[in-house]
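Taken in order, the sequence shown gives residues 1 to 730; the numbers are from my numbering.
For the record, the hints were derived by calculation from the structure and aren't laboratory data.
Hints are supplied without guarantee of correctness; some may be wrong.
Unchecked claim - List of simulated lysine to aspartate or glutamate pairs, EDC-like, C-alpha gap at most 20 angstroms:
#: 1; residue 1: LYS644; residue 2: ASP596
#: 2; residue 1: LYS609; residue 2: GLU636
#: 3; residue 1: LYS609; residue 2: ASP587
#: 4; residue 1: LYS408; residue 2: ASP587
#: 5; residue 1: LYS309; residue 2: ASP255
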Amino acid sequence: MSVALVRPSRPPTAASHRWRALALALVTTLVATLLAAVQAAPAQAAPVLLSQGGAVTASSQENGGTAAGNAVDGDGGTRWSSAFSDPQWIRVDLGSPAVLSRVELAWEAAHAKSYRIELSADGNTWTNAYSTTTSTGGNETLTVSGEARYVRLTGTERATGYGYSLWEFKVFGTRDGGGGPEIPGGGDLGPNVHVFDPSTPDIQGKVDEIFEQQESAQFGSGRHALLFKPGTYNNINAQIGFYTQIAGLGLNPNDTTFNGDVTVDAGWFDGNATQNFWRSAENLTLNPVNGTNRWAVSQAAPFRRMHVKGGLNLAPDGYGWASGGYIADSKIDGTVGPYSQQQWYTRDSSVGGWTNAVWNMTFSGVQGAPASSYPNPPYTTLDTTPISREKPFLYLDGDAYKVFVPAKRVNARGVSWDGGAQQGESIPLDRFYVVKQGATAATINAALAQGLNLLFTPGVYHIDRTINVNRADTVVLGLGLATIIPDNGVTAMKVADVDGVKLAGFLIDAGPVNSSTLLEVGPQGASADHSANPTSLQDVFVRIGGAGPGKATTSIVVNSDDTIIDHTWVWRADHGEGWGWETNRADYGVRVNGDDVLATGLFVEHFNKYDVEWYGERGRTIFFQNEKAYDAPNQEAIQNGDTKGYAAYRVDDSVEQHEGWGMGSYCYYNVDPTIIQEHGFKAPVKPGVKFHNLLVVSLGGNGQYEHVINNVGSPTSGTSTVPSTVVNFP
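The whole structure should be built from the sequences, with the hints applied where relevant.
Have a look at this one:
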């Protein structure tokens, strides 16, 4: 309430003085009464968007590009359109009952003149909540009321000769009295985040207890984050098992120092490190007890923002097999010894030296890296990384948790944190929805719609609808290899065509019902320029099968331009539970449609058809590691028209510019060792399409390659595990 004060046109009389005093007294009383009423009224939860990413059906669709899901994807550039007849309907399932407050419609030119909004608790019996016979289309906001799980728009008369066409169909309301203010940011980090300081009793005992649980739990459900506050920790040997993240909570790796080791070895697997997956070390300084730290890992085991005041051994005790790996933004004062590692990628780091190589050692922006000498020894070295952004990380500012989001770097070389203030943004934890086990996709989407970022605590999250990330600069950060499983064939996560989304530190595990995709970055046809502030994927892993049956037609689709894919392992399982040629069917691993996409550390394995397909212009890949599907039953099963097998990495014939460095594909057709793979790589022969330092390998003679790329490169032969290489193509 406001009171306007008007200057009188003449000097007030005594009477007017008395009247003004009386009026002010009345106003004061009225304001006090209103304030008391406002304070006494119960707080009303703000309605939130409930329909986005929900399961949706329609009476028809005009064509393959206008599916019903486009109307609830949060993207104003995609639409549902129906057949050209009356009546037609579109229905969204909100997932659970909700108290509704409004519906927003964004019509394309082909809109409804007459339609109604209907509500239902069970999807069978409907009540009318709104109707009109005079709609003029455009953007409409409709007030509705009632409790429902299902909302249906039924068009009864079209305004044009075309069908009904909606850019967006949005339903708002609250659940259980909740709304926007009912999803608070911040809070505790849940039971699977273990926070230590130097005075914590028996740190070694707790770390050993978790390692005992996780050492061989390759497909278990345990998830853990071991977080160490700034300070010095003595006599620590932190052995790191599956689904375990160890990290310092300082803003700089040197803030948290171990006089000890962070160790990965392979005793659980008889000295074979080729299955040491899904773990990480970040943001710590190590003074190794014997001068060298052992980190014997394979895929999906990043070593980030680490300072090792000594050497780093990447092989298991006894120098058994290993198939890693990835280092970024790290400083190793001594020598890195990969020894038995088949391949490795190191980015934007500093090393005191590097010794040994097997098949493919690739470096970009690494001070102290060996010079390029491919194929003997097989070193591929780029002086800088063209574009990079380090992974967001949790840290403590005093007693307050924050997430630091490093800034983009161009032509980076060396670590981001040594010798000056770090560039980036600190985001308080209260701007994150701290996701804990049991959280629903509906709540997660409501938190995103409310403007919160997401911090997934260690756990396994089953979702019944797509998680939709629609706001620019949203951070989705997982701790302890947090795992998202779509239960009913939905896409696990979609990102809108917006600037600067950061996805990091989580695993998407395909569910038993086939998903057409598991992760989509940008909608089909995305075209916005994100070069100043690209979206990035970092330590985002995908698994199909292994922990149980899983299926997905295509795992990751990147439609947005300028996206950075920084370390991913996209894996169709070749062991564990629920795997087999059709049991965990997954035809395609990664498909890139966006332009100017950069992949740094691309690991994609075992897909039924193409592992990587690239349609966008000016794509670049620095380091690629691949194995073709082990379990192909025979030559016919992989036949691709007149071509023997599907390439591991295919650049579409329409592409004019593309470049790749340090890229390998291996075959191990152990079900039928007579299978022939025509080539590992396929690309158009054009001046702007270039590859450097390619290899193909037959593992123990189980299947053979005829060429490396197209019809170029010598065949693999016999039972010798010796690479066939191409230094430059064309």
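Taking the hints in turn, this is what the structure says about them:
1. For the hint pairing LYS644 with ASP596, the CA-to-CA distance comes to about 30 angstroms; that exceeds 20 angstroms, so the pair is violated.
2. Restraint check: the Cα-Cα separation between LYS609 and GLU636 comes to about 12 angstroms, which is no more than 20 angstroms; the hinted pair holds.
3. Between LYS609 and ASP587 the alpha-carbon distance is near 5 angstroms, which keeps this suggested pair within the 20 angstroms criterion.
4. Our distance criterion of 20 angstroms between C-alpha atoms is broken by LYS408 and ASP587, whose separation comes to about 33 angstroms.
5. For the hint linking LYS309 to ASP255, the alpha-carbon distance of about 14 angstroms falls within 20 angstroms, and the restraint holds.
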